[in-house]
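Those sequence lines, one after another, are chains A and B.
Heads up: the first sequence at position 276 corresponds to 276 in the numbering used here, and the numbers run straight through without jumps.
Heads up: the second sequence at position 422 corresponds to 422 in the numbering used here, and the numbers run straight through without jumps.
No lab work stands behind these hints: they were computed from the structure.
Please read all numbers here as calculations on a predicted model, not as lab measurements.
A few of these clues could be false.
[Claimed, not checked] Listed next, with one range per pair, are the computed distances between beta-carbon atoms:
hint, chain 1, residue 1, chain 2, residue 2, range
1, B, Pro264, A, Leu105, 42 to 50 Å
2, B, Gly139, A, Thr49, 39 to 47 Å
3, B, Pro264, A, Phe24, 37 to 45 Å
[What the hints assert, rightly or not] Anything over 10 Å on all C-beta distances counts as not near chain A; from chain B, calculated:
hint, residue
4, Lys165
5, Leu167
6, Glu223
7, Leu231
8, Tyr308
9, Cys327
10, Pro375
[Unchecked claim] Footprint (simulated), chain A over chain B, 3 or more residues, beta carbon under 8 Å:
hint, segment
11, 95-104
12, 191-203
13, 206-212
14, 274-283
Even for Gly, the Cβ is constructed at its ideal location relative to N, Cα and C.
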Amino acid sequence: MPAWLVTLGWAVLKASLILGFVLFNALFLVWWERKFAARIQSRVGPQRTGRPFGYLQSMADVFKLLSKEDVVPARVDRWMYVLAPIVIFVPAVLVYVVVPFGPNLIVQDLNIGILYVAAVTSFTMIAIVMAGWAANNKYSVVSAMRAAAQLVAYEVPLVLAVIGPVMLAGTLSLQGIVRAQEGLWYIVVQPLGFLVFLTAGMAELNRAPFDLSEAESELVAGYNIEYSGMRWSFFFLAEFSNLVAVSAIATTLFLGGWQAPWFLPAAVKGLIPPVVWFLAKTYFLVTVIMWIRWTLPRVRIDQLLDFGWKFLLPVSLANIALTGLLFPVLVRLGWI
Amino acid sequence: MGGARTRPEPQTGARENVIELPVLAEGSVEEISGRTRQRARFRGDFEYPGDDFEGPNVNRWQYLPQTPPVEDLLVEEVREIEGNEREMVMNMGPQHPSTHGVLRCVLGLRGEAITRCRPDIGYLHRCHEKLNELWSYQGTIALSDRLDYLAAMTNELAFVLAVEKLLEIEPTERADYIRVICSELQRIASHLLFFGTTALDLGAVTPFLHSFREREAVYDVFEYISGARLLYNYMRFGGVRTDFPPGTDKKIREVLDLLENRLPEYHDLLSYNPIFAVRTQGVGVLSRDDAIAWGAAGPVLRGSGVAYDLRKADPYSGYEKFDFKVCVEESGDVWARFMVRMKEIEESIKIIRQALDGLPEGDARGQVPRFIKPPPGEVYARVEGPRGELGCYVVSDGSDKPYRCHWRTPSFHHVSLLEFVPVGHLVADVVAIIGSMDPVFGEVDK
Chain A
1 MPAWLVTLGW
11 AVLKASLILG
21 FVLFNALFLV
31 WWERKFAARI
41 QSRVGPQRTG
51 RPFGYLQSMA
61 DVFKLLSKED
71 VVPARVDRWM
81 YVLAPIVIFV
91 PAVLVYVVVP
101 FGPNLIVQDL
111 NIGILYVAAV
121 TSFTMIAIVM
131 AGWAANNKYS
141 VVSAMRAAAQ
151 LVAYEVPLVL
161 AVIGPVMLAG
171 TLSLQGIVRA
181 QEGLWYIVVQ
191 PLGFLVFLTA
201 GMAELNRAPF
211 DLSEAESELV
221 AGYNIEYSGM
231 RWSFFFLAEF
241 SNLVAVSAIA
251 TTLFLGGWQA
261 PWFLPAAVKG
271 LIPPVVWFLA
281 KTYFLVTVIM
291 WIRWTLPRVR
301 IDQLLDFGWK
311 FLLPVSLANI
321 ALTGLLFPVL
331 VRLGWI
Chain B
1 MGGARTRPEP
11 QTGARENVIE
21 LPVLAEGSVE
31 EISGRTRQRA
41 RFRGDFEYPG
51 DDFEGPNVNR
61 WQYLPQTPPV
71 EDLLVEEVRE
81 IEGNEREMVM
91 NMGPQHPSTH
101 GVLRCVLGLR
111 GEAITRCRPD
121 IGYLHRCHEK
131 LNELWSYQGT
141 IALSDRLDYL
151 AAMTNELAFV
161 LAVEKLLEIE
171 PTERADYIRV
181 ICSELQRIAS
191 HLLFFGTTAL
201 DLGAVTPFLH
211 SFREREAVYD
221 VFEYISGARL
231 LYNYMRFGGV
241 RTDFPPGTDK
251 KIREVLDLLE
261 NRLPEYHDLL
271 SYNPIFAVRT
281 QGVGVLSRDD
291 AIAWGAAGPV
301 LRGSGVAYDL
311 RKADPYSGYE
321 KFDFKVCVEE
331 SGDVWARFMV
341 RMKEIEESIK
351 IIRQALDGLP
361 EGDARGQVPR
371 FIKPPPGEVY
381 ARVEGPRGEL
391 GCYVVSDGSD
401 KPYRCHWRTP
411 SFHHVSLLEF
421 VPVGHLVADV
431 VAIIGSMDPV
441 FGEVDK
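So that you can see chain B by itself, here it is in the shape it has in the complex:
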């Protein structure tokens, strides 16, 4: 496959429905502390009386992409394009078995070929960032679990790292190791689910159940460590909630051995299957330049040949101590993104083994009070989640709640890629391409 793909023109025109916000000087954050927590209407073509915004430097938010024109999201029977040419408009989602939750794609079809794909999001919107402003710092840890609900550990880690920067404290060394182990176990669990859903999207049901069998084993470990299987509430400022219970080391090593035995089985079953190869190779090619320009991260970026991994590029939690490879594939297609994730499982196993071997004695909990009021300031902390760069931007006004908490979620950027990657492919490929982006709508819609 691979007909003509056209990339949409970047929107450089006037942004008439964006209000110019006042730009404050550096260090003006203090001005807002003690103020009533008045919020700005960042976007909208109307002004509220008395809306005299003063706040931190939020000018960058006006570069948010504009919402697509409404007519692009309408579903007509057919659409007239250029003279007698007509295309069928098909509404894929939000209730569709393969849109990974609640993605809605409005597809233009000629025969089965995609002429247009317009992703529409927002069906899982739950005011996450607004809730962040209403909950205490401690409560926000539990809330951040619900962002990317398949990688709760890394979400927590991003938030905890941000607040630790605000508080200017360092976690204990043992806590760092525990965090690394949990992050990598989470990456394995998330990539196992990806393996299963990719197979399911391509019509193979069996690999899905096999990968869930192993994912259960990883979740059993999480249950043993934190008491929960999906949403852990495990990270704490300065450490983790509880130390590893006795026998954790053995349990984790058993799971790693199991995975190492089963991974070749997965490859036999799916990865090197000829049908799988023709369905994924050369499909949904994302060029290196596009991947960078559209803000792709994680396996999607590395699948396009960019060796960028925050664990190497900007190490946190002591990742610089571990020996592992950054998995890169050059071809940029669905196959590349799949293989990057499969190799990352093996690298994660290596990291966990090293961390278990070197796990230092000491306290896993930091000496941080439960009730904190970080000093005013703004910080950005980022981690390499299973889906890519997960950033947490926290603004503190000195109170017990974040003034603003913005999440840079990788899936959001990957879903925006769907606007041009599937064009020229067939309906069956759209499903494969969505699957290869591995979006989680908890973090897309927030």
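One chain only, chain A, in its complex shape:
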């Protein structure tokens, strides 16, 4: 077999695995979010489709979305309107290229992994602006403008928060950062960085309390107001994919990735495979983000910008300075 065919085969296999993960993940999370939100709101959530827990609810949703008429409204900018759902979906899948699911379970361990993540996730906003502008609806335009303003406000603290773990690990590769956390997870020495990352990450995900660009009570639905059927579901798919991606990156950077907790004896560590640890931590963070979403009211756009520029940015800068100052101490203590 020629070498190029092998490479191609591997690439196709890995791509299909990621796509499969993204799709099944969305199916699971739609159900999980509905059940979880229902428990918070003292309801029971879906239970009829797939008794007794409603586990077939997302399948029913998918069939409904697939069978819907594909509507392109008359006055939209047709090219951008059609392209936006694709543009939002592609980066949502691309992020998973560098996410280490296990010691050997990674598509490509790029040596600039974390930079790649920051670059790819920013693409989402371009798609949102495209969708908002193309729909030719005033609500979606306002939504797109909010998204653009939001992007600059939280993207900077997000990247600065990442610098802490990078300094400690001495590498930009995500796999390298995970391996460096064998003795101690970085959340212990980087609590500030972790909080900044999670907060800015929620802003990136457009989830409450930062869901300004799809603020249901103000902008009706925001940028996807004119979308329906499968086109709309691409936005939805991307949202859930990004939710897991941000949680996975946070797990990788601060919660030791696929590493078992450092304080467990070696015998116990060996019992559970690394990928289970990774997924458990990731979905725990996903649940925390959902928990916050269903508890807090939404902030206003000027308050979000204030929060991003005047609070998160100084805090993340202080975190970098602190990390630099404490680095020799931590090394002497043998913590890293």
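Given the structure of chain A, go ahead and fit chain B onto it with the hints provided.
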């Protein structure tokens, strides 16, 4: 927030499309009794041939605000203002998740800042006051349920009090207590819904469902008392339709205990949440003078620092017997209006407890015939509804139907405040401000 807010100039110019109506002397109401029920065209720039109006003193109706100019309600892409300045015109409603029904606001936007807000009403108009003239007095009780459909009990009470004034009868003492209990339970139910929708308007879904859970408990009590959950048809002239069924006392006390347990939970979840505080404090400030001048009432007025509550100022149904506070907040913002309502729930619980303790024995139904013909005359009765002063003005011509029945509904006045309160705020604040007025479009559009 809080940029420059300008109040629209009061309209003092010529009112060319209002016909001067003949002013009749006091006591001339008798002249109309027995006449054919001819209606006047109160407003309009045309005259009907043979339109020789004679009627009661309706001269005050010409002071109704004029309808806004049509061009203010058109939605263009952008609007040119002063030279190169342009603003986007955004149509919010009547189909919008946060306009509490069918309010339509035409917003002028520069960026997200509101330069102009023009509320437009009438999408739920169902000729309510005209129907009042066609239905018998008894039927009008059921009809008045449909005004403010979230506070049907207080609507009924206002109408029943008015007709009792006409008939010059007093309800039984037990009926008075039952009316107070029902009014206060209704206030609690309505304020619980307000709590939920405020949270929803600000993007928090969970408090909404929690408050509806408790509202259900209150509605269960209503169902037990009157057989209906939303529109009760429970008040009657001289009393109420049926006495409390056995066990009502226990049921109501259970609900009150439940509420007292849950209210601190609400405050933890929403009221003292920092995000909620920054979203509501200093937003939509309504000054004391504006509130009085624009006819605000109820929690909106009390949120602006005016301690005016009809239950104290003009007691009806024996409210003077109960010990409760008038809840006032000074700041006049969304937060103040919210807190006034939350405190009122606690006061209502106190009132209901006192009323249950002192509930006298006796007949809850008055000895009033089912078919009544009140003597000619005009009366105004008012109650403190959950949204403010709810007035009912009834003119009788001696027949079995009201000659005229006008409702002074608080939400109507509060919606008119939207013309200047949101100006200078952001789109997100408009939603919060509309929510803090707590309008119900059943009573705005009538």
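Hint by hint, here is what the structure shows:
1. Pro264(B) / Leu105(A): 42 to 50 Å: Holds: the Cβ-Cβ distance is about 48 Å, inside 42 to 50 Å.
2. Gly139(B) / Thr49(A): 39 to 47 Å: 46 Å, holds
3. Pro264(B) / Phe24(A): 37 to 45 Å: Holds: the Cβ-Cβ distance is about 42 Å, inside 37 to 45 Å.
4. Lys165: Non-interface label stands for Lys165(B): nearest chain A Cβ at 43 Å, farther than 10 Å.
5. Leu167: 47 Å, holds
6. Glu223: 21 Å, holds
7. Leu231: 26 Å, holds
8. Tyr308: Holds, since 30 Å exceeds 10 Å.
9. Cys327: 23 Å, holds
10. Pro375: 51 Å, holds
11. 95-104: Answer holds; 3 residues pass the 8 Å Cβ test.
12. 191-203: holds (count 5)
13. 206-212: holds (count 3)
14. 274-283: holds (count 4)
Checked against the numbered hints above, the structure violates none of them.
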